[in-house]
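Residue numbers (the working numbering), protein chains in the order written: chain A, 126 to 502; chain B, 126 to 502.
Everything labelled a hint here was simulated from the structure, so no lab data went into it.
Owing to the predicted nature of the structure, the values given are computational and were not obtained by experimental measurement.
It is possible that some hints are incorrect.
With a straight-line cut-off of 20 Å between C-alpha atoms, the simulated PhoX-like cross-links for lysine-lysine are [said to hold, decoys possible]:
#	chain 1	residue 1	chain 2	residue 2
1	B	452	B	231
2	A	213	B	139
3	B	350	A	350
4	B	226	B	206
5	A	450	B	435
6	B	139	A	139
7	B	206	A	350
8	A	354	B	450
Number of protein chains: 2
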Amino acid sequence: MIPGPTPVPETVLKAMGRHPIGHRSGEFQAVVERTTAQLRWLHQTNSDVLVITGSGTAAMEAGIINTLSRGDRVICGDNGKFGERWVKVAHAYGLEVTVIKAEWGKPLDPDAFRNALEADTDKQIRAVILTHSETSTGVINDLETISRHVKAHGTALTIADCVTSLGATNVPMDTWNLDVVASGSQKGYMMPPGLSFVAMSERAWNAYERSDLPKFYLDLGPYRKTAAKNSNPFTPAVNLYFALDAALEMMQEEGLEAIFARHARHRDAAQSAMKAIGLALFAAEGHGSPAITAVAPTGIDAELLRKTVKDRFDILLAGGQDHLKGKVFRVGHLGFVCDRDVLTAVAAIEAVLISLDAHNGRMGAGVSAASSILSKS
Amino acid sequence: MIPGPTPVPETVLKAMGRHPIGHRSGEFQAVVERTTAQLRWLHQTNSDVLVITGSGTAAMEAGIINTLSRGDRVICGDNGKFGERWVKVAHAYGLEVTVIKAEWGKPLDPDAFRNALEADTDKQIRAVILTHSETSTGVINDLETISRHVKAHGTALTIADCVTSLGATNVPMDTWNLDVVASGSQKGYMMPPGLSFVAMSERAWNAYERSDLPKFYLDLGPYRKTAAKNSNPFTPAVNLYFALDAALEMMQEEGLEAIFARHARHRDAAQSAMKAIGLALFAAEGHGSPAITAVAPTGIDAELLRKTVKDRFDILLAGGQDHLKGKVFRVGHLGFVCDRDVLTAVAAIEAVLISLDAHNGRMGAGVSAASSILSKS
Numbered sequence: 126m127i128p129g130p131t132p133v134p135e136t137v138l139k140a141m142g143r144h145p146i147g148h149r150s151g152e153f154q155a156v157v158e159r160t161t162a163q164l165r166w167l168h169q170t171n172s173d174v175l176v177i178t179g180s181g182t183a184a185m186e187a188g189i190i191n192t193l194s195r196g197d198r199v200i201c202g203d204n205g206k207f208g209e210r211w212v213k214v215a216h217a218y219g220l221e222v223t224v225i226k227a228e229w230g231k232p233l234d235p236d237a238f239r240n241a242l243e244a245d246t247d248k249q250i251r252a253v254i255l256t257h258s259e260t261s262t263g264v265i266n267d268l269e270t271i272s273r274h275v276k277a278h279g280t281a282l283t284i285a286d287c288v289t290s291l292g293a294t295n296v297p298m299d300t301w302n303l304d305v306v307a308s309g310s311q312k313g314y315m316m317p318p319g320l321s322f323v324a325m326s327e328r329a330w331n332a333y334e335r336s337d338l339p340k341f342y343l344d345l346g347p348y349r350k351t352a353a354k355n356s357n358p359f360t361p362a363v364n365l366y367f368a369l370d371a372a373l374e375m376m377q378e379e380g381l382e383a384i385f386a387r388h389a390r391h392r393d394a395a396q397s398a399m400k401a402i403g404l405a406l407f408a409a410e411g412h413g414s415p416a417i418t419a420v421a422p423t424g425i426d427a428e429l430l431r432k433t434v435k436d437r438f439d440i441l442l443a444g445g446q447d448h449l450k451g452k453v454f455r456v457g458h459l460g461f462v463c464d465r466d467v468l469t470a471v472a473a474i475e476a477v478l479i480s481l482d483a484h485n486g487r488m489g490a491g492v493s494a495a496s497s498i499l500s501k502s
Numbered sequence: 126m127i128p129g130p131t132p133v134p135e136t137v138l139k140a141m142g143r144h145p146i147g148h149r150s151g152e153f154q155a156v157v158e159r160t161t162a163q164l165r166w167l168h169q170t171n172s173d174v175l176v177i178t179g180s181g182t183a184a185m186e187a188g189i190i191n192t193l194s195r196g197d198r199v200i201c202g203d204n205g206k207f208g209e210r211w212v213k214v215a216h217a218y219g220l221e222v223t224v225i226k227a228e229w230g231k232p233l234d235p236d237a238f239r240n241a242l243e244a245d246t247d248k249q250i251r252a253v254i255l256t257h258s259e260t261s262t263g264v265i266n267d268l269e270t271i272s273r274h275v276k277a278h279g280t281a282l283t284i285a286d287c288v289t290s291l292g293a294t295n296v297p298m299d300t301w302n303l304d305v306v307a308s309g310s311q312k313g314y315m316m317p318p319g320l321s322f323v324a325m326s327e328r329a330w331n332a333y334e335r336s337d338l339p340k341f342y343l344d345l346g347p348y349r350k351t352a353a354k355n356s357n358p359f360t361p362a363v364n365l366y367f368a369l370d371a372a373l374e375m376m377q378e379e380g381l382e383a384i385f386a387r388h389a390r391h392r393d394a395a396q397s398a399m400k401a402i403g404l405a406l407f408a409a410e411g412h413g414s415p416a417i418t419a420v421a422p423t424g425i426d427a428e429l430l431r432k433t434v435k436d437r438f439d440i441l442l443a444g445g446q447d448h449l450k451g452k453v454f455r456v457g458h459l460g461f462v463c464d465r466d467v468l469t470a471v472a473a474i475e476a477v478l479i480s481l482d483a484h485n486g487r488m489g490a491g492v493s494a495a496s497s498i499l500s501k502s
């Protein structure tokens with residue numbers, strides 16, 4: 126129950142476990158062709174969705190360095206560890222960064238973006254870079270509204286880290302006018318880590334033509350060119366492609382609406398259960414991510430709780446990152462997670478709180494609250 | 126029988142096929158600790174060997190951009206497709222490149238490197254970048270001698286693409302004073318593609334401190350720092366790490382000397398067989414790679430032969446790349462390949478030549494020649 130690597134269905138593991146084949150073979154081209162179409166479906170886009178062997182960070186970096194040039198002005202949203210990371214990437218490539226911050230646990234304020242974009246009357250801002258679902262804090266940012274403000278600006282691109290939102294909640298790339306959408310395999314995709322994905326709009330490809338940042342492995346031009354021929358510029362992780370093919374087929378069988386509803390239900394159940402036990406949610410009310418629920422217990426060390434849940438029930442919860450270590454634990458409900466998993470995690474947390482004499486509610490209150498939400502499905 | 130992805134032992138596939146675990150867990154740290162030690166053994170080095178989720182190109186690019194700065198003078202050796210690629214990477218990052226070329230099929234001339242390095246009396250050359258085993262032509266370059274000339278220069282680093290030499294032939298990083306050694310998992314490592322490796326000497330790390338080329342995902346500093354704690358800067362391809370662990374254990378059981386002897390024997394058998402059939406070798410005499418034998422048949426289209434071997438016997442040979450397409454086919458004998466595989470490939474080639482009425486020798490001459498070499502093991 127961590128936000129990645131997430132659980133992997135046996136079907137996907139089996140697909141991955143077969144013998145690799147030549148990446149230039151017709152058989153492999155068929156896999157690339159299928160997954161390309163499936164990825165467009167998942168992104169709700171007609172744009173290219175390119176596959177990189179690498180982590181989500183590689184995909185996000187690719188989105189940034191393929192559309193921008195040295196000295197370009199960008200706005201970075203920062204309300205958690207991943208927001209911080211994109212600021213670092215932007216600095217590493219010599220971009221001029223304006224950071225719009227929100228406190229960890231709070232969502233980014235769309236009006237702050239609107240104001241900054243409206244103030245940019247000579248259209249110097251080239252991109253707005255932000256994280257949709259902030260995995261470190263369990264906050265989901267209002268990407269739709271912020272992207273609308275970017276669109277109103279007219280020149281800037283929206284570059285979105287959708288690593289823990291894509292495949293968990295609605296991210297309609299074309300409808301929302303997103304220019305770059307980056308994601309990673311070990312999240313909503315229900316597969317092991319190792320592949321990442323970057324979708325680019327036509328506006329982003331126009332920016333690519335102007336971009337002067339140096340790149341080679343992450344130069345998306347050759348990815349696009351070879352993808353058009355169902356191939357890859359470099360040897361890809363062939364076995365992870367097999368897993369991708371199987372996972373996307375499972376996702377298509379479930380359907381986007383059902384997938385999003387399941388994640389929303391699990392978020393609601395986790396939130397409701399934590400409140401019923403008397404544990405405070407870390408994310409601001411109404412801004413909890415459908416991928417992960419961050420909990421800030423009082424009167425008990427979050428790491429002790431987390432460790433005890435692991436030792437006694439072999440359920441792995443995520444800890445707090447950086448300054449949240451010991452103050453926050455996080456319940457992942459991302460990807461291949463079912464109602465039983467959520468109920469089990471809640472029950473285990475309750476049992477451990479009781480054993481540590483730290484349960485602030487009636488024993489069973491969490492399970493009962495979760496169960497009530499889950500039964501609404 | 127292509128030079129990558131190479132065959133993968135069932136033990137390795139099984140190790141890879143298990144459920145992923147958290148990449149920050151103690152169990153995974155144990156895997157990282159084990160593989161780090163095994164990788165040092167394989168590289169015959171005390172230096173760091175870092176693991177990147179990405180292709181061999183990513184590792185090679187990392188080696189270049191972590192040790193050099195914009196405008197630095199470098200020498201690139203170019204006698205094939207991969208040599209060409211490192212020239213492109215160097216240009217992409219604004220390095221000043223002197224190319225030392227050799228005709229495809231011929232080895233790089235170590236004296237050309239010595240002359241260029243000796244002429245550089247004010248020590249402006251920062252690195253010599255070259256490919257050890259040129260997969261596109263089946264030529265092995267004299268990395269040992271060239272590295273000795275680099276060492277005599279005193280300032281330049283040796284940055285070596287050992288993608289199809291490491292784990293196939295002797296590449297003693299420390300003894301040969303190599304500063305950067307890059308390799309990829311789908312080669313001598315006997316595992317699927319998706320991981321790549323870059324080993325860096327202390328001299329290379331000193332250069333890292335001065336390097337000003339922009340990077341983030343491929344910035345090796347955080348890889349080194351986290352590797353010291355048996356961790357990774359970004360979510361790695363956890364399942365491929367499982368495969369790596371199993372594959373390196375198999376390699377240690379076989380032993381470096383035995384692995385190198387096996388590859389040399391297979392190269393000798395393949396070369397001897399092709400000559401006996403009357404097919405010309407593409408690589409210059411005495412410079413054939415232990416990983417791959419390139420063959421330049423006359424009087425028959427190499428692609429027709431390759432396609433017929435695939436159709437009739439389901440053995441995949443590699444084709445010629447770029448201008449060699451149709452003129453050359455390549456027999457991979459890299460990684461998890463046994464005597465039987467080599468004998469089978471030779472027999473299939475002979476059978477197809479006979480059926481195409483293009484066998485220039487006595488039927489069975491190839492099998493006989495190969496067999497004679499293989500029996501010397």
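Here is what the structure says about each hint:
1. The suggested pairing of residue 452 of chain B with residue 231 of chain B holds, with an alpha-carbon distance near 16 Å, which does not exceed 20 Å.
2. With a CA separation close to 38 Å, the supplied pair residue 213 of chain A and residue 139 of chain B exceeds the 20 Å bound.
3. Under the criterion of a C-alpha separation no larger than 20 Å, the hint pairing residue 350 of chain B with residue 350 of chain A is inconsistent with the structure, at around 36 Å.
4. Restraint check for residue 226 of chain B and residue 206 of chain B: satisfied, since their Cα atoms lie roughly 12 Å apart, inside the 20 Å limit.
5. Our distance criterion of 20 Å between C-alpha atoms is broken by residue 450 of chain A and residue 435 of chain B, whose separation comes to about 57 Å.
6. Only pairs whose Cα atoms come within 20 Å are accepted, and residue 139 of chain B paired with residue 139 of chain A is accepted, the gap being roughly 10 Å.
7. Restraint check for residue 206 of chain B and residue 350 of chain A: satisfied, since their Cα atoms lie roughly 19 Å apart, inside the 20 Å limit.
8. Simply put, residue 354 of chain A and residue 450 of chain B have alpha-carbon atoms about 18 Å apart, close enough for the 20 Å limit, and the pair holds.
Hints 2, 3 and 5 from the earlier list are contradicted by this structure; the remaining hints agree with it.
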